[in-house]
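K.L.:
Listed in order, the protein sequences are those of chains Y, C and X. Under the numbering used here, the first residue of the first sequence is numbered 1, with each subsequent residue one higher. Under the numbering used here, the first residue of the second sequence is numbered 1, with each subsequent residue one higher. Under the numbering used here, the first residue of the third sequence is numbered 1, with each subsequent residue one higher.
There may be inaccurate statements among the hints.
As the list claims (entries may be wrong) - Here are some, though not all, of the chain Y residues that point toward chain X, as calculated from beta-carbon distances under 8 Å:
1. W20
2. F31
3. A35
4. N38
5. L46
6. Q50
7. V53
8. K62
9. I63
10. L100
11. L102
12. I104
13. A111
14. G122
15. I124
Calculated directly from the structure, the hints in this document are not laboratory data. Every value quoted in this text rests on a predicted model; they were computed, and no experiment measured them. From the three backbone atoms N, C-alpha and C, an ideal C-beta is built for every residue, glycine too.
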Amino acid sequence: MNELDGMPFVQVLATHYNYWITIFLIAAGLFIVAARSNMIKSLVGLGIFQTSVYLLYLSPGKIIGGSPPILADRVEVYSNPLPHVLILTAIVVGVATLALGLAIVVRIHEAYGTIEESEITGTIDREDYPE
Amino acid sequence: MDSALLIELALAIPALGAGGIALAGRIPNLREGVTLVTAAALFWVVVISLLPRVLEGGRPSVTLFEAFDGLTLSFAVEPLGMLFACIASTLWIVNSIYSIGYMRGNNEPRQTGFYVCFAIAISSAMGIAFAGNLFTLFLFYEILTVSTFPLVAHKGNEEARAKGRIYILLLMGTSMILLLPAIGWTFVATGTADFTPGGILAGAGLSAGALTVLYLLYVFGIGKAAVMPVHFWLPAAMVAPTPVSALLHAVAVVKAGVFSVVKVTVFIFGIDLLGETGASQPILYISGATVIIASLIALCQDNLKKRLAFSTVSQLSYVVMAAAIATPAAIIGAALHIAAHAVSKITLFFAAGSIYTAAHLTEVSQLDGLARKQPITFAAFLIGALSIIGLPPFIGLWSKWWIGIGAADGELYWVIAVLMISSLLNVAYLLPIVARGWFVPTGAAPSAPEEVQTIKEAPIPAVAALSITAILCIVLFFAADPLLSLVQQIELTAPTGGADG
Amino acid sequence: MSADASFHAAEHLPALQVVVPLLGAVICAAVRQRHICAAITIGCSALMPIIAFGLLYQVQAGGPISYHLGGWPPPYGIEYYVDAPNAYLLILVSLMGAAVALYAPRSVGDEIRPEAQGWYYSMYLMCMAGLLGMAITGDAFNVFVFMEISSLAMYTLIALGRERRALVAAFQYLIIGTIGATFYVIGVGLIYSMTGTLNLVDISGLIWESEQYRPITAGLAFIVVGIGLKLAIFPLHLWLPNAYAYAPTVATAFIASTATKVAVYLLLRFLFSVFGVTYTFSLTPAAEILMLLAVLAMVIASLSAIFQINTKRMLAYSSVSQVGYMILGIAMVSELGLTGGINHLFNHALIKACLFLAVGCVFYSAGVTRTENLAGMGKRMPLTMAAFVIAGLGLIGIPGTAGFVSKWYLIEAAAEAGLWWVVAAIVISSFMAILYVGHVIEVAYFRQPTVKIVRNPPPEMMAVTLTLAVSVIVFGFWTEISAGVAEDAARSLLAGYGGADG
Chain Y
1 MNELDGMPFV QVLATHYNYW ITIFLIAAGL FIVAARSNMI KSLVGLGIFQ TSVYLLYLSP
61 GKIIGGSPPI LADRVEVYSN PLPHVLILTA IVVGVATLAL GLAIVVRIHE AYGTIEESEI
121 TGTIDREDYP E
Chain C
1 MDSALLIELA LAIPALGAGG IALAGRIPNL REGVTLVTAA ALFWVVVISL LPRVLEGGRP
61 SVTLFEAFDG LTLSFAVEPL GMLFACIAST LWIVNSIYSI GYMRGNNEPR QTGFYVCFAI
121 AISSAMGIAF AGNLFTLFLF YEILTVSTFP LVAHKGNEEA RAKGRIYILL LMGTSMILLL
181 PAIGWTFVAT GTADFTPGGI LAGAGLSAGA LTVLYLLYVF GIGKAAVMPV HFWLPAAMVA
241 PTPVSALLHA VAVVKAGVFS VVKVTVFIFG IDLLGETGAS QPILYISGAT VIIASLIALC
301 QDNLKKRLAF STVSQLSYVV MAAAIATPAA IIGAALHIAA HAVSKITLFF AAGSIYTAAH
361 LTEVSQLDGL ARKQPITFAA FLIGALSIIG LPPFIGLWSK WWIGIGAADG ELYWVIAVLM
421 ISSLLNVAYL LPIVARGWFV PTGAAPSAPE EVQTIKEAPI PAVAALSITA ILCIVLFFAA
481 DPLLSLVQQI ELTAPTGGAD G
Chain X
1 MSADASFHAA EHLPALQVVV PLLGAVICAA VRQRHICAAI TIGCSALMPI IAFGLLYQVQ
61 AGGPISYHLG GWPPPYGIEY YVDAPNAYLL ILVSLMGAAV ALYAPRSVGD EIRPEAQGWY
121 YSMYLMCMAG LLGMAITGDA FNVFVFMEIS SLAMYTLIAL GRERRALVAA FQYLIIGTIG
181 ATFYVIGVGL IYSMTGTLNL VDISGLIWES EQYRPITAGL AFIVVGIGLK LAIFPLHLWL
241 PNAYAYAPTV ATAFIASTAT KVAVYLLLRF LFSVFGVTYT FSLTPAAEIL MLLAVLAMVI
301 ASLSAIFQIN TKRMLAYSSV SQVGYMILGI AMVSELGLTG GINHLFNHAL IKACLFLAVG
361 CVFYSAGVTR TENLAGMGKR MPLTMAAFVI AGLGLIGIPG TAGFVSKWYL IEAAAEAGLW
421 WVVAAIVISS FMAILYVGHV IEVAYFRQPT VKIVRNPPPE MMAVTLTLAV SVIVFGFWTE
481 ISAGVAEDAA RSLLAGYGGA DG
């Protein structure tokens with residue numbers, strides 16, 4: 001049933017390298033978001049994390065030997081166009097998120113004079129008690 | 001007039017009265033006038049119009065609408081509920097008269113809010129009395145809790161707030177944590193929540209152990225019945241003004257509690273089921289213990305209202321104990337005791353309040369010689385005390401008599417012993433108060449303030465009110481027949497054949 | 001001619017539901033003059049419930065509606081699919097949106113800088129469009145797009161808050177919200193690669209035909225966690241308290257009463273309709289996990305709420321615990337439980353919006369949100385605090401309020417399933433609600449005032465708050481819509497897409 005069963009590990013690694021890269025990007029992106037206190041770096045991590053999704057969608061859409069999905073004579077096999085469309089949308093969404101995130105970081109810098117989250121969160125609860 | 005309309009009126013009159021009182025708030029005389037008119041109208045509807053129909057065997061019911069999940073907001077009048085409604089509506093008139101004297105005499109703040117909450121509380125008491133199913137009962141039970149909270153915390157100082165917190169947390173907490181699951185359990189097990197003669201749990205297939213747990217959930221979930229250990233709210237609520245204490249301890253709140261316990265016992269479990277399974281045994285012992293322990297605590301209290309509060313805890317457990325005996329005579333005793341204790345205890349509280357209004361005294365040890373200044377008050381106190389003790393010719397005798405018979409029916413002779421010990425304890429904590437007033441010379445106790453010399457009797461409305469209730473204690477002893485015929489009509493078992501209206 | 005046009009409008013209601021606020025948002029962004037924007041917002045928002053009721057009517061009359069966007073039939077094009085569950089949700093979101101929009105102008109004028117107010121309205125409509133889109137669409141990827149539209153608008157709304165802390169709250173939510181949305185889209189990608197379709201109805205049919213269940217189960221897990229971040233399921237709720245506490249009051253009221261509800265709907269949709277009861281609950285331990293998390297949320301978040309000193313933050317923690325109730329209803333996988341959960345979605349939206357709006361009135365009048373500063377408000381602002389008390393009682397679940405209805409269903413469902421520890425958790429959480437609601441009420445009614453009332457709240461703010469308070473009581477008794485439709489929705493969810501037509 002499972003085509004991976006019985007396949008040598010190296011072969012699994014090699015034939016599915018796109019998934020391994022995706023997994024690496026997911027893990028790396030999430031790690032950066034979680035571990036970095038600097039807000040810009042968090043956003044960079046978020047970008048890497050989102051990029052992993054692009055790869056996840058695009059790689060199964062490519063059919064080996066298929067041509068780009070533009071109607072032409074003598075072409076029988078096309079790659080799936082839908083993932084490209086989807087990821088185009090996802091990229092737009094990602095850019096918008098990044099832009100908004102950066103804009104908020106600029107404002108935070110104006111308001112607090114720092115963009116280190118660890119320095120800011122310490123003061124948040126104290127602001128309930130105005131001196 | 002249509003009986004269904006009368007039921008609706010019984011609920012609507014106090015609620016509308018609350019609105020009227022709020023509107024008339026700026027003019028005290030008009031406001032008190034509205035209160036009295038509302039109380040009188042309620043009395044007319046409940047006692048004069050509805051009571052005779054129930055005595056003749058009528059069982060009017062009305063369903064307002066279906067709320068959800070097969071639960072309806074419906075009311076059904078039966079003798080037990082009728083009894084509670086009569087007590088509440090009658091004593092509300094007396095209490096209103098008393099309140100006017102007390103509140104004015106003490107220059108209490110926020111009087112309009114006081115009367116409004118009072119009227120809402122009475123409305124919800126009517127709802128509890130006439131509730132046709134557990135959902136309706138629960139709804140009005142909670143409204144009663146919420147509407148009496150402002151009354152308890154009326155003074156608004158730190159102490160009143162703290163006590164108000166205990167009051168609301170304990171009453172609302174027990175109802176949420178214990179009563180609501182009990183109702184849900186009942187509903188899931190039987191598919192209905194209607195109060196049905198003979199009970200609904202008989203065929204539900206619950207084991208004796210499950211029934212025992214369910215009965216415990218109900219009795220402790222109805223925190224207003226103040227069975228130990230959920231009685232703390234009652235002494236705490238003593239910070240309230242005296243008319244509120246009278247309302248809490250005689251008219252609405254605690255009576256709503258024990259009434260609900262009896263109602264659940266008779267119409268949800270059914271006394272036959274309880275007799276067969278013994279599911280009420282633990283409550284029987286717990287309430288028996290409460291009777292004695294609360295009396296002993298009352299003995300140690302110097303604060304007059306606190307002493308009366310613990311006396312109430314003890315007396316309420318009479319009713320719960322009688323319900324848990326679950327024999328027909330005991331149920332009659334329980335119902336009678338709701339009435340007997342209401343009339344007697346309101347007299348005692350009125351007396352305590354009028355002592356406070358006239359002399360600003362709150363401790364038992366300060367009362368030396370006061371009876372000579374306030375003879376009517378102390379006479380009434382004596383009558384109330386004797387009635388609580390259960391001596392003839394006061395109403396308190398009848399209820400103890402029936403509870404005793406019920407216990408003998410169930411061959412629970414230790415219950416009779418509890419009754420006797422408790423009566424002796426009643427003598428020990430109530431009569432010394434009267435004795436101090438009459439026989440100890442003024443000024444014997446160093447704690448008495450000097451102004452005692454200039455004390456006169458309390459304001460006329462207050463004195464009038466406590467005289468009325470004291471007289472009621474005696475009248476009801478001789479005129480116990482209508483009362484008895486009412487409670488003997490309580491349907492203890494399912495009607496055999498034929499649907500009743 | 002006009003009859004012809006109205007016929008057209010009726011046919012395109014599903015698209016109009018989303019397009020109208022979206023257009024409104026664009027116009028607001030272009031105009032940016034606050035009075036004009038306010039008028040546009042109120043106009044668009046008022047139109048929404050009408051469209052939503054029209055849709056419900058169509059669904060009840062003729063079964064589920066399938067609307068093909070751009071005329072492309074599914075599964076090639078994007079389909080808008082309306083049946084009982086989302087018609088219910090559309091009504092909820094659009095009603096709350098309309099109520100808050102009516103309330104908004106003066107509260108916004110008070111809390112937000114004048115030059116940013118136009119943007120507020122634009123983002124408000126954008127957020128509404130996104131939420132309605134999430135509810136109405138039948139396409140998994142389209143859900144993601146609308147999710148991001150509403151989220152981006154929400155981050156902006158939160159960042160518009162008066163205090164500088166609002167910025168930090170918005171940033172934290174942005175990070176977590178984006179992670180959630182990305183998780184969701186990863187899950188969708190996995191399912192897409194196994195089934196080759198993005199249409200929800202289509203997926204539900206093709207799931208059992210795939211060769212491998214493991215990627216689909218992994219996709220389910222990603223989707224549940226992604227949506228879980230959005231709906232602040234315990235322990236993924238850490239973004240929520242700050243976001244609710246520091247956003248402008250109107251934004252908080254709107255987000256609290258709609259955003260988490262839409263996320264709950266999505267969860268329901270995926271667990272029941274798309275994957276189906278059989279797949280979700282027999283192949284995965286979803287029910288057990290969700291039930292545990294729900295119970296933890298109900299108890300722990302309530303506990304946190306008790307110790308908050310800021311009323312808005314307290315209400316935010318209470319939201320986390322109330323979300324637990326809804327998840328609990330889902331996790332019991334029974335008709336009663338689902339009815340309770342879906343009904344609680346509706347009731348909690350009413351209750352929480354009323355509470356936040358009441359707090360907004362107090363803020364407008366006295367400029368305070370800390371609980372101790374509410375002292376004496378019971379006397380100074382009797383109507384506002386009366387609304388707060390009524391909604392607070394609803395939160396506790398006193399009979400006669402909407403909160404009791406849903407709690408009753410949940411307790412009944414738990415008792416029916418013999419889950420006594422769940423019953424215990426429900427009642428304990430209710431008891432904690434007495435503590436945190438009671439504290440505010442006590443401070444408001446039995447303490448001496450500490451702050452001055454600068455002005456009275458304007459009539460429209462009072463009117464909206466009081467209407468919601470009254471509706472909390474009305475829906476405690478009259479439950480034909482709130483519980484009746486919830487029951488329909490529960491039934492159609494349990495039946496899955498296949499059974500929904502019947």
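K.L.:
For every hint, state whether the structure bears it out.
P.N.:
Evaluation of the provided hints:
1. Interface hint at Y:W20: violated, since its Cβ lies 15 Å from the closest Cβ of chain X, which is beyond the 8 Å cut-off.
2. Interface restraint check for Y:F31: the shortest CB-CB distance to chain X comes to about 12 Å, outside 8 Å, so the restraint is violated.
3. Look at Y:A35: its Cβ only gets to about 13 Å from chain X, farther than 8 Å, so that hint breaks.
4. Interface restraint check for Y:N38: the shortest CB-CB distance to chain X comes to about 12 Å, outside 8 Å, so the restraint is violated.
5. Checking Y:L46 against chain X by beta carbon gives a least distance of about 6 Å; that is within 8 Å, so the hint holds.
6. Hint on Y:Q50 holds. Least Cβ distance to chain X is approximately 6 Å, under the 8 Å limit.
7. Residue-level restraint check for Y:V53 holds (minimum Cβ-Cβ distance to chain X is 5 Å; threshold 8 Å).
8. About 12 Å separates the beta-carbon of Y:K62 from the nearest beta-carbon of chain X, more than 8 Å, and the hint is not met.
9. The criterion of a C-beta within 8 Å of any C-beta in chain X is not met by Y:I63, whose closest approach is roughly 12 Å, and the hint is violated.
10. At its closest, the beta carbon of Y:L100 sits 6 Å from a beta carbon of chain X; the interface hint therefore holds under the 8 Å criterion.
11. At about 10 Å, the closest approach between the beta carbon of Y:L102 and any beta carbon in chain X exceeds 8 Å, and the interface hint on this residue is violated.
12. For Y:I104, the suggested interface contact is upheld, since its CB lies about 5 Å from the closest CB of chain X, less than 8 Å.
13. Checking Y:A111 against chain X by beta carbon gives a least distance of about 4 Å; that is within 8 Å, so the hint holds.
14. Interface hint at Y:G122: violated, since its Cβ lies 11 Å from the closest Cβ of chain X, which is beyond the 8 Å cut-off.
15. Annotation: Y:I124 was flagged as interfacial toward chain X, and the flag holds, the nearest CB pair being 5 Å apart, inside 8 Å.
Comparing the model with each earlier hint shows violations of hints 1, 2, 3, 4, 8, 9, 11 and 14; every other hint is respected.
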